[in-house]
Amino acid sequence: MVLPHNTLLQISVDGIVQGLYSGISFGMILVLTAAGLTLIFGLMGVVNFAHGELYAAGAYAGFVLFGVTGNFAVAVVAAVIAGFAIGAIMEVSIIRPLYDREPLYQLAVTFGAAIILIELIEVIIGPQSQPFPIPDLLSGSIAVAGYTFGTYRIFLIVAGGILVTALWLFLTKSKYGLIIRAAIFDTEMVESMGYDVNRAYTFIFGLGAAYAAIAGVLVAPLFGLFPEMGAEIIILIFVVVVVGGLGSFKGVIVAGLLIGIAQSFGQIYVPWAAEAIPFVLMVAVILYRPQGLFGVEGVFTE
Amino acid sequence: MVREGLSRRDVLAATGTGAVVGLAGCSSDSGNGNGNGGGGGGDDVFRVGLVAFQSGPYSAFAPDIQDAFEMLIDDWNDMGGVQGMEVEGFNRDSEAAPETAIQRAQELIDSEGVDMLATFLSTDEDGGVMNVGGRNGVPTVTCATGARLLVDEQCNPYSFRAPTSTLTKAKAGAAGGVDLFGEEVFQLNPDYSWGHEIQEDWERTIEEAGGTVVDQGWAELGASDFSTHVGAIQDADPDWIQFGFAGSGAVAFMTEAQQTGIDIPQFHHVAYEPTILGAGSSVFDETRVYTPTEYTYDIDTEANQDFVDRFESETGRLPGLAAGQAYRHIEAALRAADGADGTGPDTLVSAIREWSGEVISGEYNMRSCDHQASYPMYIAEVDSADDDQIYWSVEETIPADEVLASCDEVTGRMECSVE
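Here the protein sequences come in this chain order: C and V. For the first sequence, full-length UniProt numbering begins at 1 and goes up steadily by one. For the second sequence, full-length UniProt numbering begins at 1 and goes up steadily by one.
Since the hints were made in silico from the structure, they are not lab data. Just so you know, these numbers come straight off a predicted model, no measurement behind them. Don't be surprised by glycine CBs; every beta carbon is placed ideally from N, CA and C. Hints are not guaranteed to be accurate.
Stated by the list, open to error - Stretches of chain V that chain C covers, calculated by requiring three or more beta carbons in the stretch to come under 8 Å of a beta carbon on chain C: (1) 212-221; (2) 272-278.
Unchecked claim - Reference listing, derived: stretches of chain C covered by chain V, where coverage requires no fewer than 3 residues with Cβ under 8 Å from a Cβ of chain V: (3) 20-28; (4) 117-129; (5) 149-160; (6) 229-241; (7) 266-277.
Model the full structure from these sequences, guided by the hints.
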């Protein structure tokens with residue numbers, strides 16, 4: 001964002017505008033990435049340590065297709081398909097056999113899957129950073145009321161809002177979303193109605209993975225494309241999920257935006273403490289509201 | 001000939017998914033080591049061990065390091081070896097973990113009986129391996145980092161630092177930046193020990209060169225969102241930016257700056273090609289990106305051009321900073337060893353610490369006072385880039401004595417001894 005330099009009042013307004021612009025755009029990235037993670041935990045009880053690598057896998061799938069077609073929309077679709085497919089395969093092959101075991105086994109297996117995905121990316125694409133340009137249509141900046149905003153960040157805010165709303169509507173308003181939630185609550189009843197519950201689990205995991213993947217492909221042109229990109233963001237994503245409340249969809253939205261904005265204002269006004277702000281929030285939430293900001297009811301009844 | 005240990009990636013590449021989790025991270029030593037410990041194989045082979053980060057966050061540098069090391073060993077065997085002995089290279093992956101680096105260095109000494117160790121590691125890893133070399137009496141040459149910690153606190157009589165210190169690079173870059181672009185500078189550096197070292201050294205040398213730091217920012221190592229920092233830069237309106245990130249942060253920052261329309265020249269403390277390549281060619285079309293560097297393929301010596309041609313012919317790409325550093329620093333140590341009267345550790349140390357001569361990049365001296373290599377520095381600019389390659393041009397050559405801290409200055413603050 002380009003700041004005009006005028007009066008003292010303008011300087012303080014500048015800071016607020018800068019903080020909100022940076023914070024909301026970064027917060028929306030956190031929301032979008034964390035949505036899939038909290039979806040999988042909220043509906044299935046699985047803490048997926050490979051979520052960051054699904055984010056990276058989506059970015060790389062998009063990168064490959066963008067290289068072939070030069071079309072960013074195709075790249076996004078490719079990321080969604082790749083993310084869903086990898087997630088579905090993970091659920092069937094390594095998560096499903098562990099549903100009856102201690103959660104520790106799921107942690108270990110998803111952690112192992114994360115390492116394998118990073119290595120596969122390095123073997124297939126290469127370890128070096130790859131150029132993933134911002135599409136021409138979304139590059140440049142937009143001027144509003146004397147302030148200049150990066151077009152791609154505005155696009156990220158809008159796209160993130162649409163995608164999160166779509167997921168919310170799907171889970172709470174669509175027939176299949178209701179069946180999925182019912183299957184988690186009362187498996188036998190839903191099975192007796194003729195629905196395949198295993199398929200619902202696979203779909204949920206795939207959907208959560210697809211959301212990670214689409215976040216990855218949308219973020220890559222701005223933050224760069226490299227094999228460890230998922231590992232770099234995953235800690236902050238877990239902080240968002242913990243602050244929001246494990247499994248809470250509403251919590252992820254509020255916590256993601258809150259952390260994005262708090263960190264952004266921190267970088268402007270207390271830069272020495274900015275990086276610690278999300279973790280201070282997390283510690284405070286764990287101490288005083290262990291279930292998270294919205295973690296009481298969970299995604300199903302929100 | 002170069003023998004390589006089995007890396008995590010090798011295992012994964014060979015066996016695919018699923019079943020390999022238990023094997024991840026394992027490494028085994030191949031080769032027919034003679035089991036001599038304490039350096040020196042005792043037969044007609046001169047053994048050189050390399051411990052380098054080749055997987056993990058620095059894995060992008062692996063191809064350059066591996067290819068350069070293999071080429072160097074082949075070149076020496078083609079020339080008749082060291083003191084007439086065949087040169088055998090042993091390459092081990094530190095996985096970017098200090099404990100692994102230490103383990104690999106000890107294995108090279110115990111199992112392979114290496115006569116000399118070389119490293120291409122981060123500061124923490126390097127400190128550990130330098131200690132291993134010192135404890136075991138094996139000459140050890142670092143090729144990647146000249147952080148103050150290694151210079152001041154972790155030196156020992158068997159360790160040699162080939163890369164220049166942060167202060168030397170800052171001296172070269174600050175003077176060049178003030179001269180080329182102006183006096184007002186914005187500093188943006190990673191918020192950890194090395195980042196603070198970079199910031200302090202650049203601020204000091206910017207002021208010595210007549211410049212002023214108008215504002216500065218910090219971001220955590222691994223940061224990807226630089227929008228508030230870009231806003232602060234725009235607000236400060238400096239003549240140029242001193243930038244201390246080398247990895248993914250560099251790509252994210254350059255992209256963000258380009259998005260916001262900032263085309264202020266950037267001086268990167270270090271610019272490794274495999275990472276900044278990710279910013280895409282259009283960034284370099286619109287923004288002037290410079291770095292004070294110890295090596296680029298554009299260094300105009302006959303030996304370097306021969307090396308560049310052969311490297312490109314064998315690998316299909318131009319040698320990057322990592323390749324040049326690995327090749328020429330180990331080359332200098334081998335040249336010193338070749339002129340020694342034997343391969344005993346103390347004989348090799350005496351030969352390396354007094355050595356002066358030519359390597360592919362030209363003049364190269366090892367200072368006995370602090371075991372610091374001395375050679376010219378270069379101001380390089382990114383000319384252009386495509387999807388696979390960064391193209392450099394050398395803008396200025398700076399003699400070593402203009403930027404290297406004096407023996408008195410360095411030894412005055414050293415808390416360890418190289419004697």
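Taking the hints in turn, this is what the structure says about them:
{"no.": "1", "hint": "212-221", "verdict": "holds (count 4)"}
{"no.": "2", "hint": "272-278", "verdict": "holds (count 5)"}
{"no.": "3", "hint": "20-28", "verdict": "holds (count 4)"}
{"no.": "4", "hint": "117-129", "verdict": "holds (count 8)"}
{"no.": "5", "hint": "149-160", "verdict": "holds (count 4)"}
{"no.": "6", "hint": "229-241", "verdict": "holds (count 3)"}
{"no.": "7", "hint": "266-277", "verdict": "holds (count 5)"}
No hint from the list above goes unmet by this structure.
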